[in-house]
Every structure is written in structure tokens, then in C-alpha cells.
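Undergrad: These protein sequences, in sequence, are chains A and B.
The opening position of the first sequence corresponds to residue 1 in this note's numbering, with each subsequent residue numbered one higher.
The opening position of the second sequence corresponds to residue 1 in this note's numbering, with each subsequent residue numbered one higher.
It is worth saying that the hints were derived from the structure and are not from the lab.
One or more of the hints may lead you astray.
All copies of an identical chain are treated as equivalent in the list; a pair is satisfied when it fits inside any one copy or across any two copies.
[What the hints assert, rightly or not] Straight line, CA to CA, 20 Å or less: simulated SDA-like cross-link-like pairs of lysine to any residue: (1) Lys321 to Glu278; (2) Lys228 to Gly103; (3) Lys163 to Glu188; (4) Lys363 to Arg353; (5) Lys42 to Leu252; (6) Lys3 to Gly103; (7) Lys30 to Gly246; (8) Lys309 to Gly160; (9) Lys163 to Gln153; (10) Lys262 to Arg76; (11) Lys42 to Glu267; (12) Lys229 to Val36; (13) Lys2 to Pro223; (14) Lys2 to Thr271; (15) Lys163 to His175; (16) Lys42 to Asn251; (17) Lys42 to Ala253; (18) Lys2 to Asp106; (19) Lys304 to Thr275; (20) Lys42 to Val259; (21) Lys42 to Val248; (22) Lys2 to Gly103; (23) Lys42 to Met263; (24) Lys3 to Leu389; (25) Lys42 to Lys262; (26) Lys163 to Gly305; (27) Lys3 to Asp106; (28) Lys42 to Asp106; (29) Lys42 to Gly246.
Below are the chains, spelled out letter by letter.
There are 2 protein chains.
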Amino acid sequence: MKKVAIVGGGASKCGRREASWRDLVQEAGKAMFENVGNISPKDVDSLIVGAAQPERFVFQAHVTPMVAECLGITPRKVAARTELMCASGQAAIRYAWACVGSGMADIAVVFGVEKMYMPDMTEAQTNMTCVLDREWDGVNGLSAPPFFAMTAQRHMLEFGTTKEQMALVSAKNHHYSTMNPAAHFQKEVTVEDVLKSIVISPPLNLFDCSSITDGAAGVILVPAEDAKKYTDTPMYIVGTGQASVGNVINNLANITEWVPLKMAVQETLRTANITRDEIDIAELHDCFTISEIMEYEAFGWCEKGSGGKFIENGEPHIGGKVAVNPRGGLLGCGHPLGATGILQALDIFQQFRGEVPQGRHVKGAEVAVAHNLSGAANVHSIIAYSRDLK
Amino acid sequence: MKKVAIVGGGASKCGRREASWRDLVQEAGKAMFENVGNISPKDVDSLIVGAAQPERFVFQAHVTPMVAECLGITPRKVAARTELMCASGQAAIRYAWACVGSGMADIAVVFGVEKMYMPDMTEAQTNMTCVLDREWDGVNGLSAPPFFAMTAQRHMLEFGTTKEQMALVSAKNHHYSTMNPAAHFQKEVTVEDVLKSIVISPPLNLFDCSSITDGAAGVILVPAEDAKKYTDTPMYIVGTGQASVGNVINNLANITEWVPLKMAVQETLRTANITRDEIDIAELHDCFTISEIMEYEAFGWCEKGSGGKFIENGEPHIGGKVAVNPRGGLLGCGHPLGATGILQALDIFQQFRGEVPQGRHVKGAEVAVAHNLSGAANVHSIIAYSRDLK
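So here's chain A without its partners, still in its complex pose (with noise of 0.2 Å):
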């Protein structure tokens, strides 16, 4: 499998929207292709959309083509669709380099977009009430707000962490997204503000939770021979790794400790050549607090059930032991499904090239892994970037 380079991207703003799906696309359609000034739309053979739920939130399906119309481009190699929930951008990352790795594409748009926001909000919560298992998980209540929250409860339990610890997380993330213009949310949330906020499902408040947002946002692959013909600072994609398991959540052995994250994270490593230790940027997927908290336990970055602890030492700040969400995250930056796994690769990216402001800059950072949870967090998955090729 040959190796492969992201060249350039752009993004839309994140936020609610006064945008159209298309709209969405075509203002981050036009910052991709400004980023990287010589391709053009008609140098792209190949285009992999990650988008989650287009059918209920603007029903609209097929978007592929729709997308590769808005862009000006005439995909003459590959052109589909990854879902995988709120990992599709990921999924889609894959895909391409997938198609681009081993020769069945030479110049790949990964592309990400949702357009989440509805004058009714019950109407976009009830589309999301399909995502877990409808028949024996959605029938029951079960959406993932609920679901996070029986998983923070029982971290709490087992292991004493507290809503505080979890304040924490928001905290961060929500003080990184000040310092991204892209990001849905602009504004300072303090510990008292979180805990304040009001109650999603018990123990979640309003600020534990990401947010339902619009946005887009896209990349560009190319073999890595070929990624200094079109930029002297182009990101390697170095590794891999996937797991599932179970997804109705009687069938989960264990909602405290998710086994498939552990083996995904092995399998980066592995296929990174890299140990945990070196990793320097952490996108992690940050759905609900207590998911940031699981998954520093989950990397190895500290012991099982010392989550909250790691926050509280500030270890996931810039400076400390390994830099989280320097981006924001998902609670700073919102979710927009389908464009979150590719807005995570572009900040990384543009980290590399130090594209990004200073205070949330991690400055030499050279390995970073970017990580997206979907379902009852049954399927994880994670890319490890570099900003040289090993």
C-alpha cells in the first residue's frame, strides 16, 4: 500500500446555520480549493462524502453527486458515501485513503457535511433517535444523551468521579474553541457555568453535551510522492485503527471500559510504529465529557479510573502530558456529523503548519491521532497523523 498525504482543506463556519446543504458545501468547497492553489476541481479523479443522516435532516439522498456538482468536480475514478454515525468524516478519510493507498485513486476529496439545525429541535432529536438500535435501544428512550449519562453514573460509581471532573473537560475545550473562528461556540464556560447549566439527563448538564450544529468542511489526498508538488507542508497519514463490537446495549459486557477503543488504539500504534508517548496532538471525540475522560484511560495515558484525575491535574492541556482538543473539540467546536471526523484532520493539519492562533498553538508537535466514537460508543475508530513521513 503506498503512503499518503492530506495537501490542503477548508472548512465552512460551524454553528446554526442560515445556510442551505449546498450552501454549507460550496463555502467549504471554495476554502479547499483556495488552500491548495494548484488543483482544481478538474484534477480530482475521486470524491468520498461523510455525511450521517442528509435523508431526515434536509431530505436529500444520493449526495455524492450532489456534492461533486456543487465542487466542479467529474469524479471519473471513485465517488460514494461513508456513514458511520458521528464518525462518518472519519469513515470517509479511510475510504479515501483506502483508494488513494492502493492506486485505485490519484487525487481524492474526502468531504464532510451536515446540516443539523431545524426550527423544530424536537424534530432534528427525533432523527436522532435512530441511531442506536431502534427496535431494542431507540423503543426504550435511548438516545445517546441518556446512554452517556448511565455510562458517567456508573464511572462515577466504580471509580469516584465527579461532575466536577467532568466540568473540567468542558472547560478546556470550550476555552480552545474561543480561540478557533470556525467553532460553533466562541465563549468562555468556567466549572460554576457547566455545573449550573441545566440537567440533559442525569448527571449531563447542557454543557456536558456537544451540540447539534451545521457545517462542512473538506481534504485533499494525494500519494505521498507526489504531496510536494502541490504544498512544502503536507500532513502524513501514518496509521490506523477500528474496532466494533455489540451494538444493543444488553450485549455490552461492560459500559465502563470500552474494549473496542483499547484495541483501536493498539492498532494504531502498531501500525503507526509510534507509542502512546509520543503522540503530541489528541483529537479525541468529546460527544459528552465523561467521553474525553474514558478515553485518556482508554490511550493509556493514565490508569483505568483515574479519567478525572488526569483532567484535574491538567494533563490534557497544552503543556501537559498530551495536548486534547486543542481544537476544541466537539463541545467547543459543535458536531456536525458527517464533517467532524474531516474538521478534526484539518485542524490537525493546519497545527503542523502552525496555521493556528497562538494561544491554542501546540508548537513542535510532530505525531497526532484524531478519534471518533459512533452508536453506544460500539465503534471507535482513529487516524494517526504526522507532519513527516517516517
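Got chain A sorted already, so can you dock chain B onto it with the hints?
TA: Okay, now just chain B, sitting in the frame of chain A:
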């Protein structure tokens, strides 16, 4: 890129099934694993699901881990769903091929499923109105039947194609499907039956149109070098082509000349290193009778505009120039969107192994192609299969 083979597969009965989405998956999965006796679900490291619209038809998103759980698979390399509407199944095969070919996966299941029948069929039809561009075409009442009806009208005007010629396509494919126990339809349909059936969108009558159908199917992909471990008679994937041009119907240069199909044909012949005359079996996307007529032309088996004459002369029958849709096609077998591409591959696999009834067996077939289109025929995708590795 490594060569890749299909070593087994299975399908559910297709039709208006009193069965849930999950039931269909389990029925096809059981048949698949029984077909290849020495691969168990635990051996499978990757799963690609082809599904077009589960969010609307059965209000279920994030279907990949649901299929994995139903089949007893715990994907530890790659798991994702592909959507390319009517070509979703073939897109899934292409994705799995890239994964196995690039070394990202070793044993991959490709699984297609669609549950489409609804007690209120107007709701099913409504779901299909978001396939074309909703903002520019759907809003004006354009869905698949009127689009292909316009295509047929124009083809009749430009080339003198007749309703009787189109009806011959339906009669041929329904004839073959009488010998396919998995097919939705098991009855002979005469030219007269087609011409007398109710008008759907002029000039297309009921029997000119493929149907809303429930069904599921799966195949297993491994590196070609390992194939003989699992079966003496694998089938090899030897080439492919895909192209996509435009989306909104106003932007299509010409509705009676499918430029992306001609591009995909050329690329398939080039990558498979075959000529069109070496193709023994062609499973073509006969969503409507006019489609198959235009596909004869695009494959170059006859002159542009003479597709009607081609069927009139019996050329696409077994024993003619090329056996087109000896499975029974979408017209005879039904069109469970995400499953269709997999069902085509499975039938070719069974053709090569001599496991289909004599009346529709293409004896001595060595090379086959499967073709799918999607949307306003603006996306076309082809895979070439071979009995032997060249």
C-alpha cells in the same frame, strides 16, 4: 494492489417480505456462511454494508454495527456503510475491494440490505422522491419514473425505438427470473402483458419498471492468493470503472447518451484488460426497460440508437451476442437498493460454478460484468469478474 477474490455468498428471498430488516440480514447471513463452510463470523475482520435508505424506510441509522451483531462479526479492521443510492451494493464491493487489495483488510464481508415495502406505499414512493436533487428536481415532481420516461420519449423520438422493443426487455428478464427462486417475480410476462399493464409515466407501463422490493445478500472477499483455501471455485475481481457527471437534470448535456457509462465501460475494459466481445454475462441495471436498451449501446455491442433492434434480434439473450441479465435483472428479481449490486455479484459467482438452473445457465462463461447506475443516470459503476485469474 493485491488481486482479490470472492469465495462465497448468500442471499435472502427477495420480494414483499413479512420480515424485519434484521430478519432479512440474518436470513442472508446464514446462507452466506453456510455457503463457505470454513470461514466463521469470527474470522471476518471487516464489514462493508451497502444500504441506501434505512433512515427513511425503517427509521434506523448506524446500520453497520447492527449488521455486524446480527451476523456475529466483530470487525477489527474496517467497518462502514456505503451509500450510492441504487448503486450502494456495488459501491460496497468496490470499497471492500480497496480494503483487501490495499492490505487494510484480510477477510471482508460485503453485505447489502434494503427493507422497502411499506403498508402505505405512498410513503415508500415519497422516500424515493429525495433521490434526485430535491431543491431543483424533486420539488418539480421529478422522481425516477418520470425521469426515465423522458429518457424513453426522447430515445423513441431520436432513434425510432418502440414500446414493443422496450417490452421485449421486460419479457426476457421476467422469463429468466422464473428460473430464479430468490427473485421477487416468478411469472412469465409477455410483450402484450407489458403493453397492457397500467401506465406509470408515459411511455413506461408497470412492467417497464423495476419494483419496490425487500432483500439482503452478502459475499466474502479475500486476497486472491488465499482464495483456494476456501473454495475450489472462487471468482476474481479483475477490473472496474466508475464515472459521475452532473446531478441536477438541467445540467445533463444529453439524456439519451450516458457519457459517464461510456467512460466507465472504457475504464473497465482497460483495467480488466478485456474487449467487450469477451464479456459472456452482463448484469446490467435495468431499473426501467429503456435503461437496458441504452446500456447495450453504451457498452458498444450495437450502434448508438439501435438498442431496440438489438433486443428485437435476440442478441442479449443466452446464446446471442451477450447474455444480459440471465439472473432476471431488476425487472424480474426486484430492486432492493443496497442489496442489488451484491445479488448481481452472487449470481455471477453461481453462474461460473454452474449452480444456476439450466434454462438460465450461461455455459462456459469466463468473464462477466455487473453494472449499476444511480440518480438521474448521472453515476455509473461497473465491476468485471472472471472465473480465472488472468
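Undergrad: For this structure, which hints from the list above don't hold up?
TA: Violated hints: none at all, because every hint is consistent with the structure.
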